[in-house]
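2 protein chains.
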Amino acid sequence: MSRWAPDARERLETAALELFAHNGYDRTTASEIAERAGLNRATFFRHFADKREVLFGGSGRLQDLLVQTVAGAPASATPIDAMAAGLEAIGTVLQESRGRTFARQRQSIVTASAELQERELNKMSSLAGALADTLRKRGVDEPAARLLAEIGIAVFRISFERWVSGPRARDLRELTRESLAEVRSLTAQDGRVPSASGAPVSHAA
Amino acid sequence: MSRWAPDARERLETAALELFAHNGYDRTTASEIAERAGLNRATFFRHFADKREVLFGGSGRLQDLLVQTVAGAPASATPIDAMAAGLEAIGTVLQESRGRTFARQRQSIVTASAELQERELNKMSSLAGALADTLRKRGVDEPAARLLAEIGIAVFRISFERWVSGPRARDLRELTRESLAEVRSLTAQDGRVPSASGAPVSHAA
Chain A
1 MSRWAPDARE
11 RLETAALELF
21 AHNGYDRTTA
31 SEIAERAGLN
41 RATFFRHFAD
51 KREVLFGGSG
61 RLQDLLVQTV
71 AGAPASATPI
81 DAMAAGLEAI
91 GTVLQESRGR
101 TFARQRQSIV
111 TASAELQERE
121 LNKMSSLAGA
131 LADTLRKRGV
141 DEPAARLLAE
151 IGIAVFRISF
161 ERWVSGPRAR
171 DLRELTRESL
181 AEVRSLTAQD
191 GRVPSASGAP
201 VSHAA
Chain B
1001 MSRWAPDARE
1011 RLETAALELF
1021 AHNGYDRTTA
1031 SEIAERAGLN
1041 RATFFRHFAD
1051 KREVLFGGSG
1061 RLQDLLVQTV
1071 AGAPASATPI
1081 DAMAAGLEAI
1091 GTVLQESRGR
1101 TFARQRQSIV
1111 TASAELQERE
1121 LNKMSSLAGA
1131 LADTLRKRGV
1141 DEPAARLLAE
1151 IGIAVFRISF
1161 ERWVSGPRAR
1171 DLRELTRESL
1181 AEVRSLTAQD
1191 GRVPSASGAP
1201 VSHAA
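Chain order of the listed sequences is A and B.
Once you know that position 115 of the first sequence is 115 in our numbering, the rest is easy, because the numbers rise by one and skip nothing.
For our numbering, count along the second sequence from 1 and bump the result up by 1000.
Calculated directly from the structure, the hints in this document are not laboratory data.
Model, not experiment: these values are computed from the prediction.
Where is the CB? At the ideal position from N, CA and C, for every residue including glycine.
Hints may be right or wrong, so weigh each one.
One-sided excerpt, in silico: chain A residues whose CB lies under 10 Å from chain B [stated by the list, open to error]: (1) Asn23; (2) Glu150; (3) Ala154; (4) Ser179; (5) Val183.
Given only the sequences and the hints, what does the whole structure look like? Please build it.
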């Protein structure tokens, strides 16, 4: 098969997950991944900067999609609704591209390594930063933009983990909507009755 | 001065910040820190596992205080109010122990190093994990416990950064209360009027 085969990237990802799971992340080399995928080492490095990027290479595309969707939400959308649209979009891609089995395998490899967990935290932190920037461009002030971005990424991360590790397959977007509803419910619990005007009830008042 | 002087730890912290700021974190050794503090290397290692811990050594005590305060909140307190009490307690300690000047110096050193930033993310992730455990022990289910813990730590982190980097000294606890009120306001914005009964309005409904 040509090294330019359109599915080279996907084959490398599949081969890498199999080798990481079988031999351990640390003991697997880029050359071995390429070989298992029926490709050569140079092809590996055209697709990924290093073996770690096989696990994290999708995050840039997810970030772009999140940013574009939030930026493109109607001007009338509230900040949280714009953000929810972005989470819905990345949920759709995660579910419909490589799907839950791939995500499960990837997750078990990341969880087994402190280095990979740090990398995951870093990627999530970048995602939150990009989301906050996008919200600011929609006119959301600080600290609201950063707070909402952190909440959005927490909702995404926790929903993703539930999707991956739950006993049965559920819809990732449904899990995300549930978590967002949970956040609304938790933050509304302050023992005060919300005002009928819909004005937010300040805890600090 | 005796190496058992009660303020040895604080002197080491001060000396370390001065050296990190002046010579850079990477080029400073534990021996140099001890020497500048008028102590010996062995004393340094009685207080800190390594030079990195000079910057992060306080986080264990903060975590204990957070956990104890949240666990000790009245049984009648809502989850978010129990969490707010915990954030108030750690805000008080941060403000009244070494204070804002120390926090500013520490922050500028952490911000300058990718390694230290990763460590900071890790510590915050541990703090969120401990807070989620404590909320679960108060009877909060999943995913609510993790979601609320992530929100709490985001509120703390963003308030802390505003406290440290703002143009004028403000009360850290006041900043935390403002951020929590902002979260309530943001999550209440869904274009629906909250019900007069105070029941949470679900976005997913």
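Evaluation of the provided hints:
| no. | hint | result |
| --- | --- | --- |
| 1 | Asn23 | violated (26 Å) |
| 2 | Glu150 | holds (4 Å) |
| 3 | Ala154 | holds (4 Å) |
| 4 | Ser179 | holds (6 Å) |
| 5 | Val183 | holds (6 Å) |
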